[in-house]
Every structure is written in C-alpha cells, then in structure tokens.
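Asks: Protein chains in written order, with this note's numbering: chain A, 1 to 151; chain B, 1 to 151.
Check before you lean on any hint, since a few could be wrong.
[To be verified] Mimicking DSBU-like on lysine-lysine, the simulated pairs with C-alpha atoms at most 35 angstroms apart in a straight line are:
{"no.": "1", "chain 1": "A", "residue 1": "124", "chain 2": "B", "residue 2": "119"}
{"no.": "2", "chain 1": "A", "residue 1": "29", "chain 2": "B", "residue 2": "119"}
{"no.": "3", "chain 1": "B", "residue 1": "29", "chain 2": "A", "residue 2": "103"}
{"no.": "4", "chain 1": "B", "residue 1": "29", "chain 2": "B", "residue 2": "124"}
{"no.": "5", "chain 1": "A", "residue 1": "124", "chain 2": "A", "residue 2": "24"}
{"no.": "6", "chain 1": "A", "residue 1": "119", "chain 2": "A", "residue 2": "24"}
{"no.": "7", "chain 1": "B", "residue 1": "103", "chain 2": "A", "residue 2": "119"}
{"no.": "8", "chain 1": "A", "residue 1": "124", "chain 2": "B", "residue 2": "124"}
{"no.": "9", "chain 1": "B", "residue 1": "29", "chain 2": "A", "residue 2": "119"}
Hint data in this document are derived by calculation from the structure and do not stem from the laboratory.
Protein chains: 2
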Amino acid sequence: MAERAFQDQGSVHHCHGCGAANDKGLQLKSYWSGDEAIATWRGEPHHCGGTRENLNGGIIASLIDCHSLNLAIAHAYRAEGRAIGSEPRIGYVTANMNINYLKPTPIEALIELRARIVKLEGRKAWINCTLSAAGQIRATGEVLGVRVVWE
Amino acid sequence: MAERAFQDQGSVHHCHGCGAANDKGLQLKSYWSGDEAIATWRGEPHHCGGTRENLNGGIIASLIDCHSLNLAIAHAYRAEGRAIGSEPRIGYVTANMNINYLKPTPIEALIELRARIVKLEGRKAWINCTLSAAGQIRATGEVLGVRVVWE
Numbered sequence: 001m002a003e004r005a006f007q008d009q010g011s012v013h014h015c016h017g018c019g020a021a022n023d024k025g026l027q028l029k030s031y032w033s034g035d036e037a038i039a040t041w042r043g044e045p046h047h048c049g050g051t052r053e054n055l056n057g058g059i060i061a062s063l064i065d066c067h068s069l070n071l072a073i074a075h076a077y078r079a080e081g082r083a084i085g086s087e088p089r090i091g092y093v094t095a096n097m098n099i100n101y102l103k104p105t106p107i108e109a110l111i112e113l114r115a116r117i118v119k120l121e122g123r124k125a126w127i128n129c130t131l132s133a134a135g136q137i138r139a140t141g142e143v144l145g146v147r148v149v150w151e
Numbered sequence: 001m002a003e004r005a006f007q008d009q010g011s012v013h014h015c016h017g018c019g020a021a022n023d024k025g026l027q028l029k030s031y032w033s034g035d036e037a038i039a040t041w042r043g044e045p046h047h048c049g050g051t052r053e054n055l056n057g058g059i060i061a062s063l064i065d066c067h068s069l070n071l072a073i074a075h076a077y078r079a080e081g082r083a084i085g086s087e088p089r090i091g092y093v094t095a096n097m098n099i100n101y102l103k104p105t106p107i108e109a110l111i112e113l114r115a116r117i118v119k120l121e122g123r124k125a126w127i128n129c130t131l132s133a134a135g136q137i138r139a140t141g142e143v144l145g146v147r148v149v150w151e
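One chain only, chain A, in its complex shape (with noise of 0.2 angstroms):
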C-alpha cells in the first residue's frame, strides 16, 4: 500500500464515512488492489451495535457505502487517465444499498474491506463488497452509484 488512499489523493473530503477532512468521522481509507479496492478500519467501543461486543450495523453499512463509491470514484478518473481529485472533480453518490448480514462482526477485530465493479452503464456503476473480519466475510453489500459532478 505503497500509493495514498483515494481519501488522501482527493477523492473525497468532507464525508463523515471516509472524508480525510473530517476528524470526528470514520476517516476509512481505500486502495487499489488491481482492479479492486481494498481497506482495512478498526471501530472503538462506541461502535458497537445491540451488543457491546459487535461492530453496529449502521456503521457496517457506511463502510461498505464509502468503499465501493470510492472504488467508482477511482476508477472513472483511472478511466480517463487523470489523477484522483484533480478538475473537473468527479462524485458519486448512493442510489441503492443492499447489505446483507451473515454473521456477527467483532467489535475489537480488524475489518477489511473489498471491492469490485461488476458493471458500468451510462453514469452508473454496480459494486460489490464484502466486509471481513477474523478471516470469515461477515456482511455483503451490493451498492449502486450514480455518477455527478462536484464543486
């Protein structure tokens, strides 16, 4: 992981799930793996979900919602051979989410994320990410963005 983070390069800034600007969010950070986006984050205690011993929802969701709209972000400036960040500046945002839960995620483990595109048509694109923990995928998301312009 030699190169920055998406965050890091511009991708995004303000964002409360992934923003490098923004110091009370979860500042989660995306790479490159190929074609794919890998991240690894690590919760507090108050992250917690019913349970003080599992990774809350809620926060689950905003994971894989930032990494996988990272990974369309990155990939569209890839596509068109330009840095990330640079003008004009390219979003996406989150028109459908589903997320589904297999199994409990340790609140103290490390989660590791991973993307991947599974298809582009016009100014959408379909991800698909899984959220790891302790070796065994615990949530799958399946996330589709929709390309927009940002000031």
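Since the structure of chain A is already known, use the hints to place chain B on it.
Replies: Coordinates of chain B only, in the frame set by chain A:
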C-alpha cells in the same frame, strides 16, 4: 409523544445508532404512533456525505436500521404484554437492509422517520421505513430483522 422513547425504556442500551447510554452515538429516539414507529433526528455538520450540504448515506442507513429494529423490539414486547426492556430481554439483529436513496437529504433539516411492520414469520420481522426531510421522502428502507435473546 408523552410516552418515553423505546430506547429510554431500555429497548437497546449501547448501540451507536440509538443507545441512550452511548454518548458518542446518534441517540435516535423512537416512539409509537399507532402501530407504527416515528422518530425525529437532526444531524450535525460532520454527519455530511460527499458534499457538506447533504446528510451522509451511511448515517441514513444507521437511522433506518435502528428505527426499524426498535419497532420490531417494541412490537414484540407489546405482543407479549410486557414492558420494553423487561426480562427476558428481546433483541433483534439485522439480516438484510435494502435502501433506496431517492434524493439528497439536506444536512440542516429535521429528519423524520416512520416505520411499519409488513410481515412477521417466526423469529423474522420485515419492516419498511421512510426517511423524510422538508416534507419529502428522501430514502426508503426495507429491513429484515431476526429476533434474538439479549443478555
């Protein structure tokens, strides 16, 4: 809303999205409205998404998730004629969540949530939830919750 919120009655304690005991969480408060559950919530600037003007999609997912499961929990207690939070404690965990983001949600707006149970079968509850702001539905969620026993 004279009655206390489900969360303040002990439906959930520590959850990042809605636990009253989680002072770093979103502290969503859900109430009965007939057979439905309603809630209002207002974000802070750091809860923004890709642009600072709009609420983060992961936060929207958190609110829909927590509000929907709290309805399932409250309904289960009511069906048993028991006070929310009484022993043995009733919990629900999310198995699937499918969210359609219909339009941006202004970050400064008061968020309104409304959830209703559409199907119950064994330990499973299917809940539909809308998230509105400024008089318009901004996102809809379908949540499948599975009943569990919480210690």
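Asks: Hint by hint, note whether the structure agrees.
Replies: Tested hints:
With a CA separation close to 32 angstroms, the supplied pair residue 124 of chain A and residue 119 of chain B stays within the 35 angstroms bound. Between residue 29 of chain A and residue 119 of chain B the CA atoms are separated by roughly 39 angstroms; this puts the pair beyond 35 angstroms, and the hint is violated. A distance of roughly 26 angstroms separates the Cα atoms of residue 29 of chain B and residue 103 of chain A; the hinted pair therefore holds under the 35 angstroms criterion. Distance restraint check for residue 29 of chain B and residue 124 of chain B: the Cα-Cα separation of roughly 23 angstroms lies within the 35 angstroms cut-off, and the hinted pair is therefore satisfied.
Between residue 124 of chain A and residue 24 of chain A, the direct Cα distance comes to roughly 30 angstroms. Compliance with the 35 angstroms bound is thereby established for this hinted pair. A hinted pair counts as satisfied when its Cα atoms are at most 35 angstroms apart, and residue 119 of chain A with residue 24 of chain A qualifies at roughly 33 angstroms. As the CA atoms of residue 103 of chain B and residue 119 of chain A are separated by approximately 22 angstroms, the hinted pair is consistent with the 35 angstroms bound. A threshold of 35 angstroms between alpha carbons decides the hint, and for residue 124 of chain A with residue 124 of chain B the separation of about 33 angstroms falls inside it, so the pair holds.
For the suggested pair residue 29 of chain B and residue 119 of chain A, the alpha carbons sit about 39 angstroms apart, so the restraint of at most 35 angstroms is broken.
Hint violations for this structure: numbers 2, 9, all remaining hints satisfied.
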